[in-house]
Amino acid sequence: MPMLLGGVYLFLIVMAFVFARTLAIMRFYVPGLGAETRPHSVPNFHAYFAAWTAGFFMLLMLALYRLFFAAVGSVTIPLILMALITALTCLMSFKLTQREFKARDYVEGFVQFALFLCSGVVILITFGIILSLLFESLRFFEKIPLTDFLTGLEWSPQIPIREDQIGEAGSFGVVPVLLGTGLITVFAMLIAVPIGLFIAIYLSEYAGRRRRRVIKPVIEILAGIPSVVYGFFALLTIGPMVQTGMAALGFDITAQSVVAVSIVMGVMIIPYISSLSDDVMSGVPQILRDGSYALGATPSETVKKIILPAAFPGLMAASLLGVSRALGETMIVALAASKAANLTFNPFEAVTTVTVQIVTLLTGDQELDSAKTLAAYALGLILFILTLLLNIIAISIVRGYNAKFHR
Amino acid sequence: MTEPKDSHKARAILRSRKRGEWMFRLMGLGSVILASTILGWLLLSLISSGHNVFYQHSLDLKITLDRQSLFSQEVPSQQDIRAADYRAVIKTALEARFPRVQETDTKKELYALVSLPGASNAVRQYLSENMQTLSESRSIILPIPVSGPVDQYLKHDEGGVRVRQTMSAQQRIWINALIEKGDLKAHFNMRFFFAPDSPNAELAGIGSAFLGSLMAILIAYLVAAPIGLGAAIYLEEFAPKNRFTDIVEININNLAAVPPILFGLLGLFLFLELGGLPRAAPLVAGLVLALMALPTLIITTRAALRQVSQHRVDSALSLGASHMQALFHHKIPEAGPGILTGTILSMAQMLGEAAPLLLIGMVAYVSAPPSSLTDAASALPIQIFLWAENADHAWVERTAAAILVLLVMMTLLNLIAFIIRSRLERK
Amino acid sequence: MIDQPAPLATSPFNTSSPARLPKFRCRNVQAYYGKTRVLHGIDVDIPDQSVTALIGPSGCGKSTFLRVFNRMNDTIPNARVTGHVEMDGIDIYSDQIDPTVLRARVGMVFQKPNPFPKSIYDNVAYGPRIHGLADYAGELDDIVEHSLRRAALWDEVKDRLGEPGTSLSNGQQQRLVIARAIAIRPEVILMDEPASSLDPIATARLEQLIDELKQNYCILIVTHSMAQAARVSEHTGFFYQGALVEYGETNQIFTNPVDQRTQDYITGRTG
Amino acid sequence: MIDQPAPLATSPFNTSSPARLPKFRCRNVQAYYGKTRVLHGIDVDIPDQSVTALIGPSGCGKSTFLRVFNRMNDTIPNARVTGHVEMDGIDIYSDQIDPTVLRARVGMVFQKPNPFPKSIYDNVAYGPRIHGLADYAGELDDIVEHSLRRAALWDEVKDRLGEPGTSLSNGQQQRLVIARAIAIRPEVILMDEPASSLDPIATARLEQLIDELKQNYCILIVTHSMAQAARVSEHTGFFYQGALVEYGETNQIFTNPVDQRTQDYITGRTG
Amino acid sequence: QKDVAIAPSEPRANHIAERSATPQITLRIVGSSTLYPLTKAVAQEFTFKTGHKIILEATGSGGGHKLFCAGPGRLTPDIVNSSRPQKPSERSQCQANGVTESVEVKIGYDGVVLAHGVNPEQKMGLTGLDFKQLYLALAKDIPTDVSKNGGAICAFQPNPYRTWSDIDPSLPRSRIEVYGPPPTSGTRDTFTEIVMQEGARRIPCLAALEVANPIAFRQRAQSLRQDNHWINSGENDTSVVQMIRQSNGAIGVFGYSMLIENSDKIEALRINGIIPNFQNISSGVYPISRPLFLYLKTDKPRTHRAIKAFAREFLSPAASGPDGYLTEMGLIPLGQADLAQYLLAIDRIGSDARAS
Ligand SMILES: Nc1ncnc2c1ncn2[C@@H]1O[C@H](COP(=O)(O)OP(=O)(O)OP(=O)(O)O)[C@@H](O)[C@H]1O
Ligand SMILES: Nc1ncnc2c1ncn2[C@@H]1O[C@H](COP(=O)(O)OP(=O)(O)OP(=O)(O)O)[C@@H](O)[C@H]1O
Ligand SMILES: [Mg+2]
Ligand SMILES: [Mg+2]
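Chains as they are written, first to last, in the numbering used here: chain A, 1 to 407; chain B, 1 to 427; chain C, 1 to 271; chain D, 1 to 271; chain E, 1 to 356.
Keep in mind the hints are simulated off the structure, nothing from the lab.
Yeah, the Cβ is synthetic: ideal placement off N, Cα and C, and Gly gets one too.
Among the clues, some could well be false.
Take a look, some chain B residues computed to stay more than 12 Å from chain C by CB distance [stated by the list, open to error]:
no., residue
1, L34
2, I141
3, A169
In silico lysine-lysine, DSS-like type, Cα no more than 30 Å apart, as pairs [as the list claims (entries may be wrong)]:
no., chain 1, residue 1, chain 2, residue 2
4, B, K185, E, K300
5, D, K214, D, K118
6, C, K158, C, K112
7, D, K158, A, K304
8, D, K112, C, K35
Which residues of chain E face chain B? A partial, calculated answer using Cβ under 10 Å [claimed, not checked]:
no., residue
9, Q24
10, V30
11, K40
12, T50
13, A58
14, D264
15, E267
16, A309
17, Y325
Same shape as in the complex, but just chain A (with noise of 0.2 Å):
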């Protein structure tokens, strides 16, 4: 049925169109006039005109039909429906199919429309999230007070889910599972940045355009390799690593250390804030590192008295968007990172994070109103005002960045 209604549609706004042109190019060309009686629209506009109007109202009336007599369940009566609004369209075209009729600008209107509720849905997008784990995490604050959940020092989610199970009064602070995401980020950070800055300005100031083709989709190799490979990676190859190393040190850690899942996670960042970077120290304009070099400065100095302060801004920003990368990174720790929750300090034990426990809450046990399933929904809330502050501030420093270089 939805074929046949599919096929009998596209029929009729065809036929719609070739109706309209028809008409329009009799009515405009066939007497042969001059030029100054030319028409305001060329017949497509027309013919785009009458096609598009039938298809809306013949959408228009499906929906409607569907809607009040979903129980009828004929085709025959939407199809006559259709057909005879076609012919109405046809008949509204057979009036309006004039020179000074203003097809295009009504056709171009209706273009623009659509093209403005595009844009639409990347807003309904954000309210989307927002609302979301507002709506959730508001069901979660419900039986767990915010400021418990703010300050709690102990994060183990496991509650009794049956009235008869003697289990765990399962404790929510949220404490421990920020302050391990703090200090993967940080560590992370820590190896990121620098080399990430070095790479930036090797590229941009040191390497000849031939180098730079090749180090360029190096970088690029590095940066497009999905996070669950370097989980896998961490997992595999660099926390066992970390861990034998450690030991021949005469330490004895757990492979889930921060330590090796911030390398891992360093890495991943490593082109991320180079390529922005590079970005933000090539908007440095040229007169500025061409003034340096003409008063007989060095590369290096150049970098480090010109172009390191006039980008400072943009790098800066650079590395907020990383630190809001780290964050929110989720497959890297989820594998090579540890599950439970754990108050500390100290880069070689093991602690959980944001995202790990997101998924942990969300990917077992899937009771929609246990406060452990809500808890995901708080954790996400959390991790979205997070990385909206860290990038905020990030663009808006860019922006302010640009607007001072190029005018």
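Use these hints to put chains B, C, D and E with the ligands onto chain A, whose structure you have.
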């Protein structure tokens, strides 16, 4: 020439400046080399542990099929043939191959040479295609998959002491005998590419996950590309410059940096809880990926539109074309290659995205490939994630191989983008 | 658009003979980019069927003023034009005027030749197509041929109309662009430094073409070469920092300028 | 760098009086960007303590030639210079020469004023600092003051040395950049269209400054304004498509050019 | 030689192209993580043999029952794996949500084992534990003065023990570190109900408490400590195996099948002096064992055939027979009487519907 007051001092200054310069340069070069080394190391370790998966060993075993012991019916139907279990047949065949084995424990070691589920299914497949074999009641020689440990043992024959430990002395004798007879053969591992996931490493494949990923990416492309294009055009060309569009702008940039996992939460809430769509469906995965790709897509599309020089648009306008006409006749076609490559690249990125898919139920074990967009499926990165948690060497190899396939697919997409760009831009 | 010309105060620079009505009348035309004013109230009458040159130092507002006549400034996001501009006695900035229709009557040629990345034929046919000027393919062919002939390009390209317009030489491209403008039968052609990217031979060729075209069109040309202005134009306007400092017969402007700034510019002391 | 000047073939354009040695000698200087050659073998001697102007149409290679003298072309990725360039008799393209040392002796001023985004003081002190020219803090202050005075900027900025250099007006910025160049006590100052972004008053000021500076420095200036070249320079070189077509006393070049191309350019027929 | 044919082609993808006219049916299964690997193996066989499809997620028995009982709709699971019988509260939940037709099938037994890594440094010299030691090591609060057998009424204190030797000097001086399943898991229920409760009974004052107030006793006995000596791990048993291999002296709580699958990596502890193996568990000598169940949702006639085939595969000789693949994975099969009874129950699915 104005000589410095103290030329000795001047030379010292110059020397220390040179040294600083050299150090700085070295740090930069060092960082680049470090990053490249890590990349090389990563790829090499993936290839070195993953390449083994692309071939697999099978054992040519003579199997006797006896209708009476297998089926109660005179003429078993296709369905009966499928439903029967052929493990006993395999075991008998193995015992016939090595008739001196008597004790139960030794027999178990013997059975452990082959993958029983795989072997019995091989018989099943053969029978359902050659039903006459039953009525003729004759023997056949069938290549059947060897068990995971044996496969591992054969692949790591030379070096691995650890691997050798998994085989008993008796088993090694059997294997050597089979090799001498030429019954153990390596062949290209088709199964890995087409089979669904399996609890047995030697039978597990990425077929199901691959198909799921493909479906999801297709959906994501079909949804995100037109909306992204439309939104980009609107924002770049028509949106009035005011507070609101400013917010939209910041919003898009921000969305592009929202952690992927939050899109998973959005998808879980929006599509599964509110929308009532099934868990683990490629459709849902595609929609989530589309939402996630949209902001980046809009940004790249806008950049592509901005790259187009205004000259031709201006001339079209000066000829009396409307804004919309100038746009659709000139600007968009000229930005076309940029837009197309942008969308393809973002799809390549989505192909590797796992975090949001974790939350919409794709972690489930799915025993057969998806047959429709709403049928349960896995996705390649999720399959990698799930396999990665197994510490067994056989699974590690599978994981690495799956990653290689994923990387090859992403590279292919990048290549396509590159070709499109250079093709269209040459014109 | 077929109204009686409104009575206006006469321009300080009224050059049209009483018999011939001016093509354009500008009264107190001001242009802004955002908040900065770049045209400070221009009053001038532009005669029909002749070439008017606009000269002046870089950034003085010549291009902006030229774009006033086909409302191309409308397409620049924060540009704004105030004042009164009449074409054949009708206010082209009134609400009744559709800019796309106006631009079909006022063609424009830009500094850099910018043919569309289409065939030569399609380049010329583009305008007629979007305006629905031809009802059958044959008529379109005629328009294309006619336009290319008028732009003195027909003989050079008649055998390769299908080749891309970008494959032509710079000078040919600039003539192609003129043909493209002619194809929609405009009454006015605006040219913004049309020869600045051409070699001397192509420039000479272009100047010759302009000389031919002026019999049928009102031509306004911006140029930074005073020599060129002297060669092709009947009237010249000298712009300085957003003001039309001097306007008059080309001969007079170059030999006997009234304003000191004009003199300084012409003798190369400023700019 | 204190060698005997190597005996070289005399330049076709030898302007230095026998008594005064030329500051620069160029022999067969060629410059390439990638594979395209943009300077086709320049031979010229540049006199010391005078102003030499380089003129010519856009893209003819003036800036490239100017950058030959402080090896700034080295900083452009695929640029390459061949031939022989001597400064005070020493080949500046030899391996012994460290470009950073050379550039401390040959200052440069660019088309757009480009003060660093630092304070006025730090802008001027930048060069002395990196070259370690000041031994004690007071000496640096002295250098800054002296340089700003020479650049005729001291009185205008002495009370706000801590403000960012970018807060100055365009003309002041350009003088600040000159002060910055002077601060490292160069012998030569190269200027690439230094007045092109300045208003007439600032331009006049700059020209006056150049006039003062030429007593101590060898100054090379690229300009697109022939009037300016006439006003400030003693010698003028005319470039055309990568060749030095004519070189000589400024007066002679402008009143009585030898080459037809020079004449065409000066009378505004080309360019 | 005449009767020997050589199959020409290499094995292709290991599922047969769909030829039967019946459409493919997808069964959604949730529940116990102990049963997860077993069900995975069955699911593969099931798909080989019928062409139908299984989606399997490990949600824990508790979570599984909740989902199973959420409603009869298309999107709720068809089968729940459970490592314990359905609780009355769960049954009433099912009833309340309209899941009225379901069938219980017992499929065998599983022993809960405590295991540590195989390497000597991972074992730290520990060979076995008894219930009382485990209770004292893992309870949240324990009675004061356990050693003195006095007091009929317990006074409780938070669990003070840090190392095993704190409890019993004969035990090694290693940190108490036990990784175990979360409350959603059936293994956890079994562990607390058998080990912890039995251990508690061996302390006189708690035994007295049970007589006086059974609810309070259960509360005391089943509460596990929450100070990082008992560590909840996710539903994923594989990760627990990883965990105890990485941490010396750590002990994990698993289903017996995990032990079989990872026999090269982990080694079981004797409980009350008895080593968990097939004989000891099937004979009931080993003290911690429990039945495993499937609950089948039978309200959709369309899926009856598939569900029946699936359940039968579980109980078939190929799977649960003496050398069935499930048995080899560690499942302890049903006795003959039970087997016959549940096979009958499976056979009856759908026949009622046809009758009514
Ligand atoms: N799009 C714009 N936005 C803001 N200011 C502009 C814009 N276009 C031009 N201007 C400014 O307006 C003034 C006049 O510009 P216009 O292009 O009309 O000058 P012009 O005389 O054509 O100069 P040229 O000879 O360089 O082409 C200049 O100061 C210029 O900087
Ligand atoms: N970095 C570069 N790479 C490639 N080509 C260049 C580069 N810089 C200049 N050119 C080319 O070299 C030629 C000479 O350039 P140059 O800048 O020296 O000319 P110019 O006389 O200074 O022109 P203008 O008056 O426009 O400043 C031009 O054709 C230019 O296109
Ligand atoms: Mg202009
Ligand atoms: Mg230049």
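We went through each hint and held it up to the structure:
1. L34: Since the minimum Cβ distance to chain C is about 45 Å, L34(B) lies beyond 12 Å and the statement holds.
2. I141: holds, 65 Å
3. A169: A169(B) clear of chain C: closest Cβ-Cβ about 75 Å, beyond 12 Å.
4. K185(B) - K300(E): Cα-Cα ~47 Å, so violated.
5. K214(D) - K118(D): Status holds; Cα separation ~28 Å.
6. K158(C) - K112(C): The hint holds at about 23 Å.
7. K158(D) - K304(A): With Cα atoms ~27 Å apart, K158(D) and K304(A) stay inside 30 Å; holds.
8. K112(D) - K35(C): Answer holds: K112(D) to K35(C) is near 24 Å, not above 30 Å.
9. Q24: holds, 6 Å
10. V30: holds, 9 Å
11. K40: It holds, given that the least Cβ distance between K40(E) and chain B is near 4 Å, below 10 Å.
12. T50: holds, 7 Å
13. A58: holds, 9 Å
14. D264: Check passed: Cβ of D264(E) comes within 8 Å of chain B, closer than 10 Å.
15. E267: Since the shortest Cβ distance to chain B is 16 Å, the answer is violated.
16. A309: holds, 8 Å
17. Y325: For Y325(E), the interface hint holds, since the closest Cβ of chain B sits about 7 Å away, which is under 10 Å.
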